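Novice: Chain residues, written in single-letter form:
2 protein chains.
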Amino acid sequence: MTDITQRINTIGSQARTAARTLAASDGTARNQALEFMAQRLWEDRAALQEANKRDLAQAEADGISPAMIDRLRLTDKVIQGMADGVREVMALPDPVGEITEMRPRPNGMLVGRMRVPLGVIGIIYESRPNVTADAAALCVKSGNAVILRGGSEAWHSNRAIAERLALGLRAANLPAEAVQFIDTTDRAAVGALLKSDRHVDVIIPRGGKGLIQRVIEESHIPVIKHLDGICHTYVDRYADLAMAEELTFNGKMQRTGVCNATETLLVHEAVAETFLPAMAKRLVSAGCELRGCERTRAILGNEIPVTPVTPEDYDTEHLAAILSVRVVPSLTEAIAHIAAHSSQHTETIVTRDHPRAMRFLREVDSSAVMVNASTRFNDGFQFGLGAEMGISTDKLHVRGPVGLEGLTCLKYIVLGDGQLRQ
Amino acid sequence: MTDITQRINTIGSQARTAARTLAASDGTARNQALEFMAQRLWEDRAALQEANKRDLAQAEADGISPAMIDRLRLTDKVIQGMADGVREVMALPDPVGEITEMRPRPNGMLVGRMRVPLGVIGIIYESRPNVTADAAALCVKSGNAVILRGGSEAWHSNRAIAERLALGLRAANLPAEAVQFIDTTDRAAVGALLKSDRHVDVIIPRGGKGLIQRVIEESHIPVIKHLDGICHTYVDRYADLAMAEELTFNGKMQRTGVCNATETLLVHEAVAETFLPAMAKRLVSAGCELRGCERTRAILGNEIPVTPVTPEDYDTEHLAAILSVRVVPSLTEAIAHIAAHSSQHTETIVTRDHPRAMRFLREVDSSAVMVNASTRFNDGFQFGLGAEMGISTDKLHVRGPVGLEGLTCLKYIVLGDGQLRQ
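From first to last, the protein sequence lines stand for chains A and B. Be aware that the first sequence starts at 6, since it is given in the numbering used here, and climbs by one per residue. Be aware that the second sequence starts at 6, since it is given in the numbering used here, and climbs by one per residue.
One or more hints might be untrue.
[Claimed, not checked] Below are the DSS-like pairs computed for lysine-lysine, each with C-alpha atoms no more than 27 Å apart in a straight line:
1. B:Lys58 <-> A:Lys214
2. A:Lys200 <-> A:Lys214
3. A:Lys200 <-> A:Lys58
4. A:Lys214 <-> B:Lys200
5. B:Lys214 <-> A:Lys416
6. A:Lys200 <-> B:Lys82
7. B:Lys58 <-> B:Lys82
8. B:Lys200 <-> A:Lys200
9. B:Lys416 <-> A:Lys416
10. B:Lys200 <-> B:Lys58
11. A:Lys82 <-> A:Lys58
12. B:Lys200 <-> B:Lys214
[To be verified] Pulled from the structure, derived: some chain B residues nowhere near chain A, Cβ distances all over 12 Å:
13. Ala29
14. Ser70
15. Glu168
16. Gly262
17. Ser290
18. Ala378
19. Gln387
20. Gly405
[As the list claims (entries may be wrong)] Incomplete in silico selection of chain B near chain A, CB under 10 Å:
21. Arg25
22. Gly32
23. Lys400
The set of hints was computed from the structure by calculation and includes no laboratory data. Predicted, not measured: the structure shown is a model, and the values here were computed from it. Yeah, the Cβ is synthetic: ideal placement off N, Cα and C, and Gly gets one too.
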């Protein structure tokens with residue numbers, strides 16, 4: 006066993022023990038810990054900013070772009086936001102211990118299910134340091150221990166934040182080991198974590214495609230992941246076209262660098278000539294590049310600049326003001342296009358026709374399927390989950406926004422009075 | 006790409022297309038297919054028995070034990086049982102399309118979830134040929150396509166059964182490709198299947214530990230698995246001792262070679278001297294070997310033969326008439342023993358004390374946790390799920406018996422009237 010493996014093993018084993026205590030704790034104690042965490046973050050902000058300075062200096066030395074450096078900076082406002090986020094999670098209903106579906110069996114015993122924490126959650130992230138607090142708060146609220154592995158560019162900041170979170174747990178008489186921070190930038194630590202199936206119940210990677218691919222390939226532990234967001238807005242022949250224009254514009258342009266932004270617009274041929282010119286003009290004026298199929302380009306002619314769309318475009322998450330546009334002959338073809346190219350994240354149909362809306366809802370296989378709403382709504386806060394750990398494009402366990410429920414599971418419980426198996 | 010990889014790829018791609026049709030089909034069509042499947046199995050029993058003869062001849066040539074050969078044999082009764090099993094699955098409520106939790110958001114859109122099939126399910130099994138029919142029926146009922154890979158010892162029988170199931174689908178105008186049989190005994194086919202993440206949504210291995218370990222190590226696809234069944238019966242200090250004796254005896258001896266049989270008996274020290282002598286006598290008379298801790302052996306003295314228990318015993322699924330027995334000083338210690346040694350399958354407490362029962366239910370982290378009931382009840386039929394694909398000892402997605410619900414997932418659905426993200 007290498008040093009790193011041994012270290013990850015120790016961390017995992019401590020987390021496992023802490024998870025048992027947390028799972029047995031009541032919600033009041035976990036809420037108390039969250040309040041103390043929020044307090045520590047805010048009150049120790051000078052120390053956090055001191056640690057942050059070291060990351061910022063390193064980033065400057067490495068020639069990181071000013072925009073990226075800005076994302077790294079722990080201003081008072083960012084720290085206040087982290088503390089507020091922890092308190093928002095605290096205010097959510099406790100998911101642990103809920104008992105559902107208790108039903109009597111013919112022999113008199115009651116069989117149902119109880120919601121319980123998953124146990125130990127490993128989170129590997131490349132994002133801003135506030136993820137350290139957000140992710141840990143969701144885990145603690147749902148009774149899980151968490152092992153955090155942040156990106157090296159925010160290493161000092163992440164460590165300083167994680168230390169405050171552990172102090173918050175201890176202040177509430179809960180084990181500080183329920184929030185563990187992997188205290189090394191050695192990449193081998195990730196490999197060791199991905200093989201700790203004895204101590205870790207689920208891995209949640211948050212970052213770019215490279216990270217997620219590595220996790221899928223190396224992990225012996227179940228993974229909850231979000232790969233791509235190739236989302237579609239389909240304007241049906243029976244759409245309210247004014248609404249369709251607003252929804253398409255909102256889906257594509259309200260924010261472009263996010264996973265639930267629309268990447269491809271599908272338009273039924275019966276309305277394409279009426280709908281596309283005004284729509285295209287509005288998008289192009291707002292700075293959106295259009296990439297169209299032949300029929301789209303024929304309809305828009307020479308007046309509106311439309312690059313020919315390539316097969317690769319249909320399979321690409323641009324995360325930019327670029328929209329692929331395709332005219333389709335039918336709802337069936339729209340559904341087939343989505344089945345072939347979607348990343349199963351979010352799709353919406355704009356239509357006034359009830360049977361067609363219901364067919365789209367049923368046949369499109371994505372984490373969120375919508376009727377007459379913007380793809381941008383696929384989000385934990387927007388769906389009312391309160392907060393999220395990310396959006397899962399997996400099918401098993403949890404699809405869509407991963408809130409507190411996604412961090413728990415249901416075990417069977419049986420209440421008998423001496424029943425024997427015949 | 007090797008020949009095998011290409012073949013698995015074709016099978017996967019056909020299954021994916023068939024899965025889309027099945028997911029969009031209504032429950033009546035799927036039930037019709039199941040009825041036709043049942044008919045084909047029974048009416049073509051002579052052909053099934055012809056294929057079966059080839060497997061039996063091979064088994065005899067290989068010197069397989071008569072008991073194993075018997076398990077392989079497709080008698081009229083076994084075939085009737087398969088057909089009945091398919092009809093039982095047919096009679097279950099359709100899980101597909103159920104919509105739950107539709108709640109309005111402040112902006113007026115409704116957000117809820119719809120239950121949908123997982124898609125394509127790969128099943129790798131070593132068991133008796135009837136699994137071919139059982140597993141396929143559950144998949145078709147829940148709107149999934151299935152790729153079956155049976156053991157080589159039942160190869161001809163499995164293939165003949167799978168062919169009849171495909172005929173049943175076709176007779177109901179559903180795609181025959183929704184039930185695929187991997188038509189080669191080449192072991193490389195399993196490897197190729199485990200890497201088909203584009204075409205296969207989940208792998209369910211059903212077989213011995215070797216198979217399951219291989220699947221965990223090689224699969225890039227999520228796995229629903231059942232590893233060990235190291236189940237505990239804990240007799241609390243406040244137990245009704247007559248009930249405790251019945252539950253222990255039933256849990257251990259009602260059937261010994263099964264995953265939900267009790268492997269370890271934990272007894273609170275306050276009742277050990279009263280409880281153990283009669284209990285031990287009854288078990289030993291019934292042919293059960295006892296392996297006890299020091300205190301157990303001291304209590305039972307020289308009259309009842311008790312081998313010393315080893316640390317390995319506590320971690321072993323004996324699947325035989327062998328019971329480890331340990332006297333514990335407290336409920337806390339019983340829970341700690343279970344946390345250290347259980348395979349998180351099934352545990353039961355025998356007690357009359359309500360707070361202790363609730364604590365056990367909450368703190369023991371297993372797929373089924375019981376009060377005053379036999380561990381032998383952790384089973385799809387006993388829990389009222391109708392039928393099961395196995396018992397999951399995983400925590401993600403599904404714990405305990407995997408019925409139709411475990412073969413589906415929930416996607417978010419949104420019903421709007423033009424809502425835009427602010």
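Novice: All the hints need checking, so say for each whether the structure fits it.
Specialist: Cross-check of the supplied hints:
no. : hint                  : in the structure
1   : B:Lys58 <-> A:Lys214  : 52 Å, violated
2   : A:Lys200 <-> A:Lys214 : 20 Å, holds
3   : A:Lys200 <-> A:Lys58  : 34 Å, violated
4   : A:Lys214 <-> B:Lys200 : 19 Å, holds
5   : B:Lys214 <-> A:Lys416 : 23 Å, holds
6   : A:Lys200 <-> B:Lys82  : 46 Å, violated
7   : B:Lys58 <-> B:Lys82   : 16 Å, holds
8   : B:Lys200 <-> A:Lys200 : 19 Å, holds
9   : B:Lys416 <-> A:Lys416 : 21 Å, holds
10  : B:Lys200 <-> B:Lys58  : 34 Å, violated
11  : A:Lys82 <-> A:Lys58   : 16 Å, holds
12  : B:Lys200 <-> B:Lys214 : 20 Å, holds
13  : Ala29                 : 5 Å, violated
14  : Ser70                 : 27 Å, holds
15  : Glu168                : 28 Å, holds
16  : Gly262                : 14 Å, holds
17  : Ser290                : 18 Å, holds
18  : Ala378                : 3 Å, violated
19  : Gln387                : 7 Å, violated
20  : Gly405                : 4 Å, violated
21  : Arg25                 : 6 Å, holds
22  : Gly32                 : 12 Å, violated
23  : Lys400                : 5 Å, holds
Comparing the model with each numbered hint stated earlier shows that hints 1, 3, 6, 10, 13, 18, 19, 20 and 22 do not hold.
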